[in-house]
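**Q** Here are the chains, one letter per residue:
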Amino acid sequence: MPEWVVVFAVTCGYLVISLSVGLLSGRKTSSSTEGWVAGDRSLGFVVLYFIMGASIFSAFAFLGGPGWAYSRGAAAFYIIAYGTVGLVPWYFFGPRVARLGRRFGYVTQAELFAHRFESPAISGVLAVISIVAFVPYLVLQMSGAGYVFEVLTRGHVPFWMGAALAYGVVLVYVFRSGVMGVGWTNTLQGIFMMGLAWGLGLYLPHKLYGGVGPMFERIMSEAPRMLSAPGLGPDGSPWSWGAYSSAIAISVLGFSLWPHYFMKMYTARDERTLKRTVVWYPTFQIFLIPIMLIGFSGILAFPGVKPADEILPTIVTSIGISPVMVGLFCAGALAASMSTGDALLHASASVAVKDFWRPLFQPDMPDRAERTAMRVLVVLIGGLAYAFALFARKSLVALLLFGYGFIAQLAPLAFATFFWPRATKAGALSGLLAGFAVTVVWDLVPSLQWLGIRAGIYGVAANVILLVAVSLATAPPDEAHVAEFVVG
Amino acid sequence: MDRRPRLLSSRLTRTQRRVYGAVTVFFIAAFLATMWPVQAAFGGALPFVLGLPFDLFYLSAILVGSFFVLLGLFVWEGRREEREGPGGGPAGRAPDGPRSGGS
Numbered sequence: 000m001p002e003w004v005v006v007f008a009v010t011c012g013y014l015v016i017s018l019s020v021g022l023l024s025g026r027k028t029s030s031s032t033e034g035w036v037a038g039d040r041s042l043g044f045v046v047l048y049f050i051m052g053a054s055i056f057s058a059f060a061f062l063g064g065p066g067w068a069y070s071r072g073a074a075a076f077y078i079i080a081y082g083t084v085g086l087v088p089w090y091f092f093g094p095r096v097a098r099l100g101r102r103f104g105y106v107t108q109a110e111l112f113a114h115r116f117e118s119p120a121i122s123g124v125l126a127v128i129s130i131v132a133f134v135p136y137l138v139l140q141m142s143g144a145g146y147v148f149e150v151l152t153r154g155h156v157p158f159w160m161g162a163a164l165a166y167g168v169v170l171v172y173v174f175r176s177g178v179m180g181v182g183w184t185n186t187l188q189g190i191f192m193m194g195l196a197w198g199l200g201l202y203l204p205h206k207l208y209g210g211v212g213p214m215f216e217r218i219m220s221e222a223p224r225m226l227s228a229p230g231l232g233p234d235g236s237p238w239s240w241g242a243y244s245s246a247i248a249i250s251v252l253g254f255s256l257w258p259h260y261f262m263k264m265y266t267a268r269d270e271r272t273l274k275r276t277v278v279w280y281p282t283f284q285i286f287l288i289p290i291m292l293i294g295f296s297g298i299l300a301f302p303g304v305k306p307a308d309e310i311l312p313t314i315v316t317s318i319g320i321s322p323v324m325v326g327l328f329c330a331g332a333l334a335a336s337m338s339t340g341d342a343l344l345h346a347s348a349s350v351a352v353k354d355f356w357r358p359l360f361q362p363d364m365p366d367r368a369e370r371t372a373m374r375v376l377v378v379l380i381g382g383l384a385y386a387f388a389l390f391a392r393k394s395l396v397a398l399l400l401f402g403y404g405f406i407a408q409l410a411p412l413a414f415a416t417f418f419w420p421r422a423t424k425a426g427a428l429s430g431l432l433a434g435f436a437v438t439v440v441w442d443l444v445p446s447l448q449w450l451g452i453r454a455g456i457y458g459v460a461a462n463v464i465l466l467v468a469v470s471l472a473t474a475p476p477d478e479a480h481v482a483e484f485v486v487g
Numbered sequence: 000m001d002r003r004p005r006l007l008s009s010r011l012t013r014t015q016r017r018v019y020g021a022v023t024v025f026f027i028a029a030f031l032a033t034m035w036p037v038q039a040a041f042g043g044a045l046p047f048v049l050g051l052p053f054d055l056f057y058l059s060a061i062l063v064g065s066f067f068v069l070l071g072l073f074v075w076e077g078r079r080e081e082r083e084g085p086g087g088g089p090a091g092r093a094p095d096g097p098r099s100g101g102s
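Residue numbers (numbering that gives the first Met the number 0), protein chains in the order written: chain A, 0 to 487; chain B, 0 to 102.
Please keep in mind that the hints were generated in silico from the structure rather than gathered at the bench.
Take these hints with a grain of salt, some might be off.
Said to hold, decoys possible - Some chain A residues close to chain B (C-beta under 10 Å, calculated; not the full set):
#	residue
1	73
2	77
3	82
4	84
5	204
6	226
7	274
8	281
9	291
10	478
11	481
12	486
Glycine included, every Cβ here is placed at the ideal spot set by N, Cα and C.
Turn these sequences into a full structure, and let the hints steer you where they fit.
**A** As structure tokens, this is what we get:
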């Protein structure tokens, strides 16, 4: 039997299992919007842990992480650095978010912020920003899936068919089961990804160099620049500490505020479950170490691979492992893509209805109509992202650059929501808009990025200044209303 | 109503404030330790520790340290709740929840 058929068969086996788990998991939730979006607020520790872990680790981490380590050396360490404290804020404000969600029926992030500041405009702005950040990210995940299929079956399964197969499965289980489908498939996918990352991360240095220590010793003697932080820039010259540090800072600010993660705080069964998830999250984060080891193992053994993101598939198809193992690798890479893509697809549809359409155009929208609209949007957004993946992928990559910079602008808003009673609607809205505007301008004009400091940092600075100044210049909000949200 | 920014609930006990304050300081320090200038002081590859370049080991150690600090806080809160009943976390209780059971 040709090798590519074995690879394809193993991968299809994984897709069938994912689809079955996704469809079966939605049977016990209610038919309400709360059931579809927040799983009736009933998720336990194991599912929540894997949702958070697997949603965060995308095709970018699985293919891009080794690519960064391979081409830019220690620069890739920033991905580990921001994860050390990235989710910690959840421990402190997460339980409060979850309780407010139960009390007021929130299922999305913008519902909370818009209610705190009594502003449907904030909801609309956040919805637009979320979808602008989500769609390119979703396209990237689909592209990763199509690409993995195409490379590992040596072109027998073309890009369009690979992406359609993987995301056809995602679309069906998200449509049918909502967040429960996302949760249980992420559990399966997370276990698979972690096993594969640790397996390959330890196996490849051993096979190619005799172990992790000997691998780094050889790199140290032949390419020492790769091992010293802050590593190398995209052009191969030394990266600046400004760029390295600001990449960490902007990622930490945005990490816990991505709307599709934030929404998961509403799904927790109780406060202790949510806190336990945050506590154990670093055990997922540490799987970035074997991901890095995979990339480092290619530096001396497979020089000159371009683009660098191809290093992992290149190694896997070059070291003579069995086609079953290549198929498992293909499934693992798809798991990384699908476990992020499903959460994005689910969140995009939820945000579009709950944060944009309903508050701005149909405040009395019935629950049943909401859920129907969300399901229709799952299909429409999935189809749109697929079309972009086929025909306009490159033009969307530029939008991804704004992603973390935009999401980091929510940090001052979140702080003001919970910790500053004096913050007003006008202050919050003007801070947000100024932050977004400055981020866009500073991103489009790189010469403004002094010392290589990321655009989002300048955006946050402008955001904070406007938030404070305008809040102090406008009438304070109603005390009784604000007391519902802020630390008392 | 006091409209100044506040990180910790005024309903926390003195012990709670000390514990949450120390944890907050730890995580701010951990955050700063991953960036310039602190990380720059530990940004070299040598010496290798457990087979890893020192800068990678350094970040891994912060990650593991963060895990144990938060785990310690979680266990401490659990024991305290067993002893005294639910008592507001660092950000206190939302209005629908029971008020802090501070002692």
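**Q** Now, for every hint given, state plainly whether the structure supports it.
**A** Hint-by-hint comparison with the structure:
no. : hint : in the structure
1   : 73   : 6 Å, holds
2   : 77   : 8 Å, holds
3   : 82   : 7 Å, holds
4   : 84   : 5 Å, holds
5   : 204  : 9 Å, holds
6   : 226  : 4 Å, holds
7   : 274  : 6 Å, holds
8   : 281  : 4 Å, holds
9   : 291  : 7 Å, holds
10  : 478  : 5 Å, holds
11  : 481  : 8 Å, holds
12  : 486  : 5 Å, holds
In this structure, every one of the numbered hints holds.
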